[in-house]
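Number of protein chains: 2
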Amino acid sequence: MNRRDIPILEITLSFDSNSSEPLYLQLYSFFKKEIVEGRLIPETKLPSKRKLSTHLQISQTTVESAYQQLIAEGYVKSEPRKGLFVTQLEMGFFNEKERTSPHDKLQKNPIVNPIKVDFGHGNIARNEFPFPTWRKLTVQSLYEDESHLLLSGHRQGDLPLRVEIAKYLYQSRGVQCEPDQILIGAGTQYMVTFLTMLIGRDRVYSMENPGFHRTREAFKDQGVKLLGIELDQEGIKMEDLVASKASVTYVTPSHQFPMGMVMPISRRMELLKWAHETESYIIEDDYDGEFRYTGKPIPSLQGLDKHGRVIYLGTFSKSLIPSLRISFMVLPPTLLSRYQDRFSIYKQTVSRLHQQTLYLFMKEGHWSRHLQKMRNTYRKKQTVLLALITERLGEHVTVIGVDSGLHILLKVHNHMTESELISHAEKMGVRVYPTSVYYDGDPHPNIPMVLLGYGGVSEREMQTGIHLLQTAWELF
Amino acid sequence: MNRRDIPILEITLSFDSNSSEPLYLQLYSFFKKEIVEGRLIPETKLPSKRKLSTHLQISQTTVESAYQQLIAEGYVKSEPRKGLFVTQLEMGFFNEKERTSPHDKLQKNPIVNPIKVDFGHGNIARNEFPFPTWRKLTVQSLYEDESHLLLSGHRQGDLPLRVEIAKYLYQSRGVQCEPDQILIGAGTQYMVTFLTMLIGRDRVYSMENPGFHRTREAFKDQGVKLLGIELDQEGIKMEDLVASKASVTYVTPSHQFPMGMVMPISRRMELLKWAHETESYIIEDDYDGEFRYTGKPIPSLQGLDKHGRVIYLGTFSKSLIPSLRISFMVLPPTLLSRYQDRFSIYKQTVSRLHQQTLYLFMKEGHWSRHLQKMRNTYRKKQTVLLALITERLGEHVTVIGVDSGLHILLKVHNHMTESELISHAEKMGVRVYPTSVYYDGDPHPNIPMVLLGYGGVSEREMQTGIHLLQTAWELF
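If you're matching them up, the sequences are chains P and H in order.
Read in order, the letters of the first sequence correspond to residues 1 to 476 in the working numbering.
Read in order, the letters of the second sequence correspond to residues 477 to 952 in the working numbering.
Looking at chain P on its own, in the form it has when it is part of the complex (with noise of 0.2 Å):
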């Protein structure tokens, strides 16, 4: 048996300290991908946990995790007193597939290239979260006398949490509705997957395009015919719509994904008075409208609805936490009839704990003072990142959609394509994102768009990542 030892100088990875995944986890995929990708063979000799958490400076608690998981997944194997070897794996079929999101074609190979300002827009500014608060509260709900807790609850999502967020959504969103009216469930996409279902297959849908990828892969995947609709600068484009045919449309109109803008009330109206005429639904996704940061704020369209047309989703994941997912829906009283009637027999999909917890941070007055919190963090953010923009970018570049939410566009007028723009910023340092792939078919922009999501950095990252962009896209 031929046994060779890694010279410790061939490790050259470095962390990416804006990753979600913790430093150990990096590491195991490091070596995971050198192994399955042929690069270190079997019983090749891994370096002691001493030398590599030198060579890297991290804790060697880090790399006994790290080769922990590699034993548990049978990717290496300890042999005692003498180390830890690669093993001879049956290649083939456990091999990584390509993924298809459009994200991850980006995200690939997060260790490779040290990536140093990620204007990823799931991300949320972590560092502000009430973790004290959150903590007793959770604690709360783990004790015996609090047992109920443990079993199934009601598949709406319990009662007390449905009601706290009836009011929130009055106050604040100027959406009418009573408790029984909402649905909580297991984030946006589920909720569209279970409207296809309670609205029906039958019908003809459409959405914005470009609009949110995630919802329009879930509309097609229950095989419902699905057509985009163009916008214009107030959202979308009504004649399109009525001549479309279609009887049930998703949009965005507190902030439009991705472009940003926020529906004037007359478009609503105009939108409005379609449904009630042709008996269409309007399905309003208003998944980050919490943070508005100019002008007056615009009642949501279930607000102003009069005929029971509109179905109102959120989330807690922009406002809240990405992770926890809990979203919701307001059902107007033809589709809650058509749900208590057809479909109660489906379980409720979020954790009875969380809601509970959720409920408690709602009822006890945290939920609003996080909210202001955070919409004064996100607008201090957005007005360095514009600044920075105006600095060092200039005329070079259009910025689109500053009204709300957590992200902007970037026009770049300097000749590069979408692809060479998140290249060259990549190889700076600095990960941007595609706006193509919120386009349904051919009709992208003639001059190419990047997304900059800054809810999770911070602004010396905001400083040094828009230095970055100007060298990397040659702004000068």
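No lab work stands behind these hints: they were computed from the structure.
Since the model is a prediction, treat every value here as computed from it, not as a measurement.
Heads up, a few of these hints could be off.
Stated by the list, open to error - Sample of chain P residues at the chain H side, in silico, Cβ under 10 Å:
(1) L25
(2) N123
(3) R126
(4) N127
(5) T138
(6) E144
(7) M197
(8) Y346
Every residue gets a Cβ at the ideal spot worked out from N, C-alpha and C, and that includes glycine.
Since the structure of chain P is provided, determine the placement of chain H on it from the hints.
For chain H alone, coordinates are given in the frame of chain P:
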């Protein structure tokens, strides 16, 4: 304005101590129902907190919470220094609809009939849940240095938890898989819905008849053709399955739901041979396979399968916490590729915080200790229940499905129909459950059967319950 007080003695509700609802919600529901159904008319004054708490022997805080809920939802208004009054409701739209889930029909009016013993099969022995451990592990993830757990995790579920699940499945269920094959998701119905997409809706589906109604409806709602296949003593009838031309089948071989038989190895091999030869898929739902009391364990279908035809479904609902909503499935290679190629755009539906807690719970050995303890608990409960049944109900009943799981079936030979059995029991304060709902179409058994879950029933309650059933069913 004519106002009247409610004479305190008119309030005759009993609380259901087995209910998963806290007292204040039961009280709230009582008043809401009285108001919605017109028995409490507008402007009626509610009793003071003090009076009602004395009358019902509950705390003033409980009354206060119920009243707050009624006020929040607008059923009652508070007038300073005067008291609480029933409001004038807009009726029609917000009336509670009949729910269609078969169990709900029985669970209506939980307050009006004082239920002493509830043989509900979704319950667990919640007093044995290791609250201190779960609390400690939960809190560990809620500190700022673990804040990456707030961000979206891997779409299949976080790797550390998948590693633990894979290890557990191999050791105790004989399931052979890599962590990469595991998909975590929010409940069996979500999984089944996702699977129709993954397997394709053009195939003909089939499942055991009788079988799990929630799964059956989920298949049907996905628009697939679904055939019910009869059972014999060993499980799904092979000749009927072969003749059906179905190319997907859903089975519960560890403990057929609801009939309780364990599929012997010979039938398992036949089923696998069929799947291999016809390129069909078997969905193996191992919903409570952890709890087996007699005979040798039989390996899972997945573990016996050499050709990648089995999808293994598991859940933590029976074995840990029903309201946590964590299920998982193990995909065979063909479906794993399809998932990675075409459906990786779907986000994970289970909270990452819960995933982390469960991961730690498994990794630190609490999970296997908990399972061992619960297996003993449930075995003991079943022994007591069976002894009581023999003693009290004797030859008038046939007990079915005692090898595993958390429920048994009773065939009752007293010429009552199923609904008579249930309603007579309910009049005596005992809740038992129908089995007819698990049949698709007509072929109900000749002799009616009811279902008794015992996971959440104490030995004392069993004694009371079986005693009352003897009277209710006139078995002397």
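Evaluated hints:
The restraint placing L25 (chain P) at the interface with chain H holds, with a minimum CB-CB distance near 7 Å, inside the 10 Å limit. Look at N123 (chain P): its Cβ gets to within about 6 Å of chain H, closer than 10 Å, so that hint holds up. With its C-beta approaching chain H no nearer than about 4 Å, R126 (chain P) sits inside the 10 Å limit, and its interface hint holds. Taking 10 Å as the C-beta cut-off, the interface hint given for N127 (chain P) holds, the closest approach to chain H being about 7 Å.
Nearest Cβ of chain H to the Cβ of T138 (chain P): about 6 Å, under the 10 Å cut. The hint holds. Proximity of E144 (chain P) to chain H holds as hinted, the smallest CB-CB distance being about 6 Å (cut-off 10 Å). Hint status for M197 (chain P) relative to chain H: holds, with the closest Cβ pair at about 5 Å, below 10 Å. A cut of 10 Å between beta carbons decides the hint on Y346 (chain P): the least distance to chain H is about 6 Å, and the hint holds.
Figure legend: structure checked against the earlier numbered hints; every hint is met.
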